[in-house]
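There are 2 protein chains.
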Amino acid sequence: MTNNQFEGHFLGVLGGMGPLAGATFMERLIALTESQCDQQHIPAILWNDPRVPDRPAGHAGHGEDPLPWMENGVKRLVEAGARALVIPCNTAHLWYEQLAASTHVPVLHIVQAVIDDLRRQGIAKGRIGVLGTATTLRLGLYQHELRAQGYEPVIPPAALIEGGCADSIRLVKNNRLAEALHPALACVAYLREQGVDAVVLGCTELPLALPHPLRVGLGVAITDSIDALALAGLAWYRSQP
Amino acid sequence: MTNNQFEGHFLGVLGGMGPLAGATFMERLIALTESQCDQQHIPAILWNDPRVPDRPAGHAGHGEDPLPWMENGVKRLVEAGARALVIPCNTAHLWYEQLAASTHVPVLHIVQAVIDDLRRQGIAKGRIGVLGTATTLRLGLYQHELRAQGYEPVIPPAALIEGGCADSIRLVKNNRLAEALHPALACVAYLREQGVDAVVLGCTELPLALPHPLRVGLGVAITDSIDALALAGLAWYRSQP
Chain Y
63 MTNNQFEGHF LGVLGGMGPL AGATFMERLI ALTESQCDQQ HIPAILWNDP
113 RVPDRPAGHA GHGEDPLPWM ENGVKRLVEA GARALVIPCN TAHLWYEQLA
163 ASTHVPVLHI VQAVIDDLRR QGIAKGRIGV LGTATTLRLG LYQHELRAQG
213 YEPVIPPAAL IEGGCADSIR LVKNNRLAEA LHPALACVAY LREQGVDAVV
263 LGCTELPLAL PHPLRVGLGV AITDSIDALA LAGLAWYRSQ P
Chain L
63 MTNNQFEGHF LGVLGGMGPL AGATFMERLI ALTESQCDQQ HIPAILWNDP
113 RVPDRPAGHA GHGEDPLPWM ENGVKRLVEA GARALVIPCN TAHLWYEQLA
163 ASTHVPVLHI VQAVIDDLRR QGIAKGRIGV LGTATTLRLG LYQHELRAQG
213 YEPVIPPAAL IEGGCADSIR LVKNNRLAEA LHPALACVAY LREQGVDAVV
263 LGCTELPLAL PHPLRVGLGV AITDSIDALA LAGLAWYRSQ P
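If you're matching them up, the sequences are chains Y and L in order. Residue 98 in my numbering sits at position 36 of the first sequence; the count goes up by one each step and never skips. Residue 288 in my numbering sits at position 226 of the second sequence; the count goes up by one each step and never skips.
These aren't lab readings, by the way, just hints derived from the structure by calculation. Be careful, since some hints might not be right.
[Unchecked claim] Here are a few chain L residues that sit away from chain Y, every Cβ distance over 12 Å (derived from the structure):
#  : residue
1  : GLY70
2  : LEU73
3  : ALA83
4  : GLN101
5  : PRO112
6  : VAL114
7  : PRO130
8  : ARG138
9  : LEU156
10 : GLY202
[Claimed, not checked] So these bits of chain L aren't anywhere near chain Y, every CB distance computed over 12 Å:
#  : residue
11 : ARG90
12 : GLU133
13 : GLU141
14 : ALA297
[Stated by the list, open to error] Calculated cross-link-like contacts (lysine to any residue; reagent style SDA-like; alpha-carbon spacing at most 25 Å):
#  : chain 1 : residue 1 : chain 2 : residue 2
15 : Y       : LYS187    : Y       : ARG254
16 : Y       : LYS137    : L       : ARG209
17 : L       : LYS137    : Y       : GLY184
18 : L       : LYS137    : Y       : GLU141
19 : Y       : LYS187    : Y       : VAL167
20 : L       : LYS137    : L       : GLU255
21 : Y       : LYS137    : L       : HIS124
22 : Y       : LYS187    : Y       : VAL282
23 : Y       : LYS137    : L       : HIS166
24 : L       : LYS187    : L       : THR165
25 : L       : LYS137    : Y       : LEU201
26 : Y       : LYS137    : L       : GLN67
27 : L       : LYS137    : Y       : GLN101
28 : Y       : LYS137    : L       : ASP259
29 : L       : LYS187    : L       : ARG145
30 : L       : LYS187    : L       : ARG209
31 : L       : LYS187    : L       : HIS166
32 : L       : LYS137    : Y       : PHE68
33 : Y       : LYS137    : L       : GLU255
34 : L       : LYS187    : Y       : GLN101
35 : L       : LYS187    : Y       : ALA297
36 : Y       : LYS137    : L       : ARG145
37 : Y       : LYS137    : L       : ALA251
38 : L       : LYS137    : Y       : ARG254
39 : Y       : LYS137    : L       : LEU239
40 : L       : LYS137    : Y       : VAL282
Source: prediction; values computed, not measured. Glycine included, every Cβ here is placed at the ideal spot set by N, Cα and C.
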C-alpha cells in the first residue's frame, strides 16, 4: 500500500470502448469543472484498453465475450485506487449488472446520467429521441428507463439506424470524424421532424461526430452521454465527505 | 496477478500536470494512430492526479515538493501494468533523473521526443525557438539538449516569457482556452521575427492555446511537445516484440 497522503476520491474510468470516447470523457470532465488551477480538478484514472472485443458482436454471440476484459479493467481500476467507476460506452452497459456486482465501489449508470441531464435542461417529460448502436436500441437500453421515469422514447427506423447511427459510429472509430458528421445529422433531423423534445446521443462515439459548436444550430435539445456521465462523475466527487 | 490474456504493452501516462494536458495527450495518441477499429489502438493507462503540487514553485523551494506525488503516480502506473511511461508535462522533466531511477520501466523523455519530431519535420540543424515555463527556460531544459544535438536554441526575453508564455499557460490551466491564444501568438511572432527555423511548444499547456488548425498560418514550423511525446509513445509500442 502507498502512503495515505496520496489517497483520494479517484474517479475510475473504464475506457477503450472506443479509446477516443475514453480520452474525450477525460477532457470533458476537466472542461466541465470550474477551476482556477490544476489542483482544483478531480483525480481520475483512465483504463484505456481498446482490445476489449467488439461489444455488439459479443452480445449477439457472434464474437469473443467482452465481459472478462471489462471485469479486468474494473479490477485494475479499483486496485489502483478508484472509489467510483464510470464507463463511457453505452453498449457496455448491457453488462452493467455483472460489472456492478463484480466490485464493491459504485458504478455510475450512463442512462441515469442522461436522464438526470434531461432534467438539468428542464425537460421533465415528453418525447425523447434516442440514437445509439443497433444493439442497444434493439435491446431497449434507454427505452425501458425513459418510460419508467415518465418519458416516451422515439427510435429512428431500422434503415436510419444502420445508414445513419452505425455509419457515424464506424467512421468515428475509424478516426474519420469529419465524415461522421453527415450521417449523425441525418439521424438528428429525422428525430426533430418527429417533434421530439430532445435527442440523446446514446453512443459515446456520436458526441465526437457532432461537435459542440454545431449543436446550437440543430433546432432541438441535445443530451450528450459523455457530458452527462462527466457531470455525474463530478456530482459524485462533490458529494464525497 | 491477473490472467495473462489481459497483459499487453500498456503505455503509462503520468498526467495531471495539468489535467487537460494529460487528457489531450490521450486524445492525440489515438488521433495519431492509424487504425480501422478500436482494437488496433494501443492500450494505455492515464494517471491524472491534478493534486501534484505546483512544479515551478516546488523546484524553487517555495512550495511543497511535487516529487513524492510524481513517484507515487509512477509506482501506481507500473503496478497497474504500464511497461513504459510518458510524462506530458515539460516542467516535471526537471525531476526526470529521479523518476527514471525510481522504476524499472523506460521513461520516454519529452525533450528527446521533440528533437526527434524536429528531425521528422526535416529540421536537422538551425535556430530553434523554445517556449515554456520561466522555470524550464531558466534552467535550460531544452537548450542543453538542443545544443548537444547540433541546434542553436533561441529564448524569448524575460518580459515575453512572463507576459506571453506564463499568461497563456495560466489561462489554459484556468479553462480559458480562447483567451490563451493571444499571448501564445505573441511569443510565436517574436521568435518568427528572430528568424528561427521552428518553434517548440515546450510546455504541454501551449498546444492547447494554439489549436492545430491555426498553426498552418503561423509562418514558422511548430513542434508540439504533446504530439511529439505521443509519437514517441507510438514508436515505443511498435518496437515491442
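Output the numbers, in ascending order, of every earlier hint that fails for this structure. 1, 2, 3, 4, 5, 6, 7, 8, 11, 12, 13, 16, 17, 19, 20, 21, 24, 25, 28, 29, 31, 33, 34, 35, 37, 38, 39, 40
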